[in-house]
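Participant: In case you want the letters, here they are:
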Amino acid sequence: MNRLPHYRRFRPRTQPAYDFPFYASTAKRHPTRPLVIVPQTLSEITGPVFGHGDLEPTDNDLTRQHKGEPLGERILVNGRVLDEGGRPVPHTLIEIWQANAAGRYPHKADRHDAPLDPNFSGAGRTITDARGRYQFVTIRPGEYPWRNHYNAWRPAHIHFSLFGRAFLTRLVTQMYFPGDPLLSLDPMYMSIPEEQARRRLVSTFDLEHTVPEHALAYRFDIVLRGRDATPRERA
Amino acid sequence: MKLVASGSQTVGPYLHIGLTWLNRDRIAGPGVKGERFVIQGRVLDGDGKGVSDALLEIWQANAAGKYAHPDDRQRKPLEKGFRGFGRIPTDAQGRFRFSTVRPGRVPGPGRGLQAPHLNATVFMRGLLKQLSTRIYFPDDSANAEDAILKRVPVARRATLIARRRARGILEWNVVLQGRNETVFFEF
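Going line by line, the protein sequences match chains B and X.
Position 159 of the first sequence, counting from 1, maps to 1379 under this note's numbering, and the rest follow consecutively.
Position 129 of the second sequence, counting from 1, maps to 172 under this note's numbering, and the rest follow consecutively.
There could be a bad hint or two in this list.
[As the list claims (entries may be wrong)] Simulated pairs of lysine to any residue, SDA-like, Cα-Cα distance not exceeding 20 angstroms:
#1 X:92 x X:140
#2 B:1248 x X:140
#3 B:1328 x X:134
Just so you know, these hints were derived from the structure itself, not from any lab.
None of these values were measured; they are calculated from a predicted model.
Based on the sequences and whatever the hints tell you, model everything.
Facilitator: This is the structure:
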């Protein structure tokens, strides 16, 4: 019998609760019964594998997906995907989506009175390299209003979706920008109880990767659930 | 552990922009062996209304009970091109539908075998982190000995077992709240 890897549980207060009244839509969409805790099996420690064959060459450059360049400030978003042990997560799929520079999504549900940009779709994807590194070229997304509460505005953000190595390492999160005054007013951001854990969703200004005369850079490292040092489940 | 896992955030209402490219409602291609099924249902909120901005992801083994993943070291056949992954958004009424093959039994926990099941992850606006659940098959004698189902209170097990609607068509719903609230797992 093969020994299977075993993944650590989340540290308390580093993940949002399902029921979070400050974010009104959680009211009818959170489970009211406690989750049923079950052992990790082969079903949970495996997960879909993606490769470069799944991608198009311009998938990680959101400024080159149309005839013209999108309006807004061009930025680079760099980072690494790591596990909790600090090990890189190589060859894993990252998907992103975001509003345009005016704070508008090309989506039928977005009724915000801000212009669409025919040169910006706002979706990208890439696969981390052998050292867990990734890079996107995009434009800085705009803030936009939403109807959660009176005068509610989302801070500028980029949605990130990651798979990692297993079904249970799946993560959807959002990247924020440093110094954004809307962060402390934002129910999504504030749904993570521990302040230090919240701050890890805020990218940092990345002078090293800034390209002179071309684009500023931001760094956003993402940490996925990590394995125990010693496997303890048996197949 | 040196680092702490990043916090989850909702997919929000515009999830389709980033995720639609990978939609797969036919999980098993033409060359994949096994008994074929359509699974259909709805995602329902606490008022019983369909959730129009939800997304299901399915992860499953092939008919031999093998996952297309390097950590599955079983000596079992795996069809070339079988990934075992599906991604299905709900429609305006909260409905979803996908087709696949019935997976074989996979090992664990311990020395036992699990009953055939699909692993399902649910995302939606208003959900700050994903929900994980399973879809089992009706009238499968292996369900009675499945170690995961046994952890679920008897009265709630039916929420994890699809119902037969017609030949080759099963129904399974995601009920977020209420009397028939779906069982969600934490691993």
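Participant: Look at each hint and say if it fits the structure.
Facilitator: Hint-by-hint comparison with the structure:
| no. | hint | in the structure |
| --- | --- | --- |
| 1 | X:92 x X:140 | 17 angstroms, holds |
| 2 | B:1248 x X:140 | 23 angstroms, violated |
| 3 | B:1328 x X:134 | 13 angstroms, holds |
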